[in-house]
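*Asks:* As given, the protein sequences belong to chains A, B and C, one line each in that order.
Quick note: the first sequence, position 406, residue 406 per the numbering used here, numbers continuous.
Quick note: the second sequence, position 244, residue 244 per the numbering used here, numbers continuous.
Quick note: the third sequence, position 149, residue 149 per the numbering used here, numbers continuous.
Among the hints, a few may not be true.
Put simply, identical chains are the same to the list, so a pair is met inside one copy or across any two.
[Said to hold, decoys possible] PhoX-like, lysine-lysine: derived pairs with alpha carbons at most 25 Å apart: (1) K20 <-> K431; (2) K267 <-> K450; (3) K447 <-> K256; (4) K448 <-> K226; (5) K256 <-> K267; (6) K448 <-> K256; (7) K52 <-> K370; (8) K212 <-> K52.
Read the hints as simulated data drawn from the structure, not as lab findings.
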Amino acid sequence: MVFFYGITMKTILLAAGRSKRLNPLGDKNFLNFLGKPLLQWQLEQLYKGGFKDVVVVGGAHNLEEISALVKNVPNEVTVVEQDNLDEGMAGAVLAAKNMVAKKDPILIVSGNDVIESSAFEQIMAAHRVAEHGLLLAKEVDSYFPGGYLKTDADFFCKDIVEKPGKGNEPSNLVNIVVHYFGQSGDLFKTLESIDSENDDRYEAALAEMMRKGARIRAIPYEGFWKPIKYPWHVLDLMEHFLYSLSEYEIQNLENKGIEIADTATIKGGVYLEDGVKILDNAVVAGPAYIGRNTVIATNALVRNSHIGDNCVIGFGTEVARSYVGNCVWTHSNYIGDSIIGDNCSFGAGTVTGNLRLDEEAILVNVDGSKVSADRNKLGLIMGSGVRCGINTSFMPGVKIGRNAMVGAGIVVAGDVEEGKYVYGKTELVIKDNTAQLSPAVRAEMQKKLKNT
Amino acid sequence: MVFFYGITMKTILLAAGRSKRLNPLGDKNFLNFLGKPLLQWQLEQLYKGGFKDVVVVGGAHNLEEISALVKNVPNEVTVVEQDNLDEGMAGAVLAAKNMVAKKDPILIVSGNDVIESSAFEQIMAAHRVAEHGLLLAKEVDSYFPGGYLKTDADFFCKDIVEKPGKGNEPSNLVNIVVHYFGQSGDLFKTLESIDSENDDRYEAALAEMMRKGARIRAIPYEGFWKPIKYPWHVLDLMEHFLYSLSEYEIQNLENKGIEIADTATIKGGVYLEDGVKILDNAVVAGPAYIGRNTVIATNALVRNSHIGDNCVIGFGTEVARSYVGNCVWTHSNYIGDSIIGDNCSFGAGTVTGNLRLDEEAILVNVDGSKVSADRNKLGLIMGSGVRCGINTSFMPGVKIGRNAMVGAGIVVAGDVEEGKYVYGKTELVIKDNTAQLSPAVRAEMQKKLKNT
Amino acid sequence: MVFFYGITMKTILLAAGRSKRLNPLGDKNFLNFLGKPLLQWQLEQLYKGGFKDVVVVGGAHNLEEISALVKNVPNEVTVVEQDNLDEGMAGAVLAAKNMVAKKDPILIVSGNDVIESSAFEQIMAAHRVAEHGLLLAKEVDSYFPGGYLKTDADFFCKDIVEKPGKGNEPSNLVNIVVHYFGQSGDLFKTLESIDSENDDRYEAALAEMMRKGARIRAIPYEGFWKPIKYPWHVLDLMEHFLYSLSEYEIQNLENKGIEIADTATIKGGVYLEDGVKILDNAVVAGPAYIGRNTVIATNALVRNSHIGDNCVIGFGTEVARSYVGNCVWTHSNYIGDSIIGDNCSFGAGTVTGNLRLDEEAILVNVDGSKVSADRNKLGLIMGSGVRCGINTSFMPGVKIGRNAMVGAGIVVAGDVEEGKYVYGKTELVIKDNTAQLSPAVRAEMQKKLKNT
């Protein structure tokens, strides 16, 4: 088969997932990194890899937002809706069927994975001598609960095994949904032949094609790969994006309206967007990204973090290894290893615990069961629109739902649901104050002070 | 009528009010701004305006303090006592009757209002061609619950209407008690003719004079005017005084014993009194006033605030938009939009909430009822002599009475009365510690640290 | 009597005490100051004073640790074990009996007292013309509950009176256990003649020798002397050691791997060990000692304190007048007038109260009874291996036992025993959040911010 580069190749980008396990962080497609939503990053990577013609499959919940976003990308984009989101990935691919000619090649890309542009370049290079299909395959060092490829010595796939369990892996190659098919009709036809009740219908179709002798080759990939499934994955992604900041990058300082106090310190790879203000004695230690018009106030420290637009990282706040959305106001807080949505605020003295006292891995409630985040440092996971009082303590791995309010001076050890208001009941004792303060004590303290 | 400038004109300055609604902040006359009590500012303004001969009317509660204060002013001052404070303003004026000749002109000035010197200059200028009387009249933009002047086209007053209600104002001119009368006897006689049970006896006398054809003219005034009635008015006054500080003013640095660390930052209009010490990395962002011998300690931030004498604004404290009395010790606190009396102290980590979670206007208890402070940022209102423990949280608009003690780690959501001791009851659970700390976790943390 | 200098003189250093009243701080012999355990300091002081041949008496609980330590000192050391620790000081001295020839002179030195080298030099000088014995005697200004020496005009001791009570002191000379005896046999024989049930058997032996006419002379001593008995004595000792740091001492900066940020401030007498890192805007105000590889992080302040090895004094922490062991991690804490063991950690926002609200002297539980620390500033006393959560408040003088865990957001007002886990029970109320946030409020706040 020979294709004319970029003419008829279509990409189906699957973006209809509801990101339930990411709750309360919202739709993964619109998580911003370095000023762009994830979906935009993916489209631009595709473009860079030569995949310029894209069908984005969305759902009713995000179609409008997707349509707005695709106006900002260089690709030729059509947005289609997957009507029944319960039909999963197979349903999503089939939702785009009418947009692709049967004989044309297609690339299927999942919005759930973040990879490097090089992956698309590998596929583009390989497809020129291509077979019926190509599957991007991550070489893993340790067990990952995904689909493993069973291949022959020439990397032709014989089967795909979902979550085989540790020790039963047929190879070290995990299927990443960057799938090329020489003729889209092959895939669509097989998909339609599989029982639509099958949860893994798409993977079953792949396996079926392999069994029937389709020459589908695995393309081993060594670059960055991160499926974004649980909230803490945002931190891994953030780290990935931050480490792409090579060094201290502030261009056109005057034009961009950036103001940095003489006494502020900026070091490491730091990207400051337009209008950023860094006040006295503030420290930004890279890698770090600071969004538009955000203020890093006096004596604040931001390190290894990603801060959105229009935030105020207030006096004496430390933000460490955290992802902070837009319009977040902090004030003398410690935000560590945390993910904070947009439009939140924290009263003075409120802090996130990010390490258990027993220093074990942090557990997080996901859909009713405890999931280990597999890291011993994890702080707060907060949805958008939350207001939080002063001197409150968030235990590691706690999730606060959107538009919740959290009162002052409490220990929040469990999750708070969306739209709830949680506060504490303190029993106070009131007595007469019978203490007789000796003026001598203050006088002595003043005297010592004088001699300092 | 013709007067000889400055010879026989007497001013009656009314300073007998008990400032109940200002509770727990004490007598408004002695609130210090920029190093001087309010009463002294008023006397000096009068002097500057040409009113050099003053009778100050006090009450039993403050007569002594007034007598001490008036020694420091350039005016010729007599202090008289109003015996029955329940007789209000009329009683206060009549208390001074014997000090003024019937034929002599007088100026009646209330200690409840803060205005600019220019107001007195306006009156002084106008009285030369004067009528029976002159009333200073503030032109207001929005409804103010005070006495409105009903005037003719030439600003001659026909009536005075107390709190007419929004929409029923007879003019946009609100009566400020800077009242000139060509012959004091006119006022005294009319006052004595009004039923002494009448709460608004003084205003009733004015209205009576107007009705009887006295030529009393309103003098429209466009300058600063702030009646000081509720605690939060102290913040408005503070702002007024602070904005009068034109720029960075430190004169005779060496003589005044001021010490400023090389790493400290001072910016904007800041007035430092003798003996002030600003330690390392501290920031004072004007407009700000720092009283004698006060220490702004390492990493502290003071902005838009007024700090008294002999304070220690301790390590890592932020004081923002707040009025702090003398001898106040703070330590890693946030004091925002607050008014703090003399001789108070705050344990480390104690903070003032200054914004409700619902971001509505703050309500304050005044004499048993909730009054809106008409501002969504308001912190703590604390009387003198209070000691407060560590990590305590004060809710917005809370009032702490004098000589109270406030325990550690509590949320103070209601007012605390004078002389009370309030503390929390925490129920603690004690178990065996069964955690097995893995040395690997610390080792890993140490390693990461090394690589920072 | 004539001795050949340094040939046969033996010192018995008593180090078998169990330091019970120091609980939870552990064995006083191994408290580190300026990088060396107290026992090592004593041995080196003895060496410097000419006492090069030492028998150290330990107990089963510390024999191994003593044996390891003595490898690092220049003295000739033998370690012996006191089998029955209940036999106190007399038992300890007798445990070393076999190591000393009867005719040889000995020096008895207690590990409970910290003194200056000059004391040993005084004894060494005096012994050349010596009598049967010499007792170091501190001249005290005020009553100390110790053993007072009754002497004649030539300082020959006639009796020793234990805790005579204020006003009954026979002199102003308090016995310090630096006791020289010309012939060790004299002491041993007398000791053995005293009833072994006698608690003050050693002192009784001294008194007995005096009564029997032994010429035992008091050597008045004016230098530093501090018996180390209660936890807060560690702070006194620390102060003593810190004030021996003459000035800013950093030698061989490059070789020692010390890193100091340009924006950091170091002032006063500060000793930095190898590998110390001082990050941005941190302030170390001497006298202070910082151990090996310790990090003083951004915006932290350490003043008048002694910090061990491998610590992280985290962002925004203040450590004031405190002794901190090795491997302690802090984070936005205030540690004031406190003693912290090794391998502890403090969550963000956790602070030590160090002054009672009534400003009275702090009381500490020692062996079941309250003992006044005789100082109004005293913070936390924490054993090794403690983990503490965020936003917790320690009341002044509280003791936390080793390997305890302390939960978040609580007020710890009583002691916590070794190996316990204490946490709080907060009752939270959860309601629907009915607040309607007005976007105008945020917009206004943003606008004000812009104009700053």
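*Asks:* Work down the list of hints and note, for each, if the structure agrees.
*Replies:* Hint check results:
1. In the homo-oligomer, the alpha carbons of K20 and K431 lie at most 25 Å apart only across protomers (24 Å), although the nearest pairing inside one protomer, at 51 Å, exceeds that limit.
2. Taking the shortest alpha-carbon separations for K267 and K450, only the inter-copy value of 17 Å comes in at or below 25 Å, while the best intra-copy value is 37 Å.
3. For the identical chains of this complex, K447 and K256 are inter-copy neighbours only, at 19 Å across copies versus 50 Å inside a copy, given an alpha-carbon limit of 25 Å.
4. For the identical chains of this complex, K448 and K226 are inter-copy neighbours only, at 22 Å across copies versus 58 Å inside a copy, given an alpha-carbon limit of 25 Å.
5. In this assembly of identical chains, K256 and K267 lie within 25 Å of each other by CA distance both inside one copy and across copies; the values are 19 Å within and 24 Å between.
6. In this assembly of identical chains, the alpha carbons of K448 and K256 lie at most 25 Å apart only when taken from different copies (20 Å versus 49 Å within one copy).
7. Taking the shortest Cα distances, K52 and K370 never come within 25 Å of each other, neither inside one copy (41 Å) nor across copies (64 Å).
8. Taking CA atoms no more than 25 Å apart as the test, K212 paired with K52 passes in neither setting, with 31 Å inside one copy and 91 Å between copies.
Hint check: violations occur at hints 7, 8; the rest are consistent with the structure.
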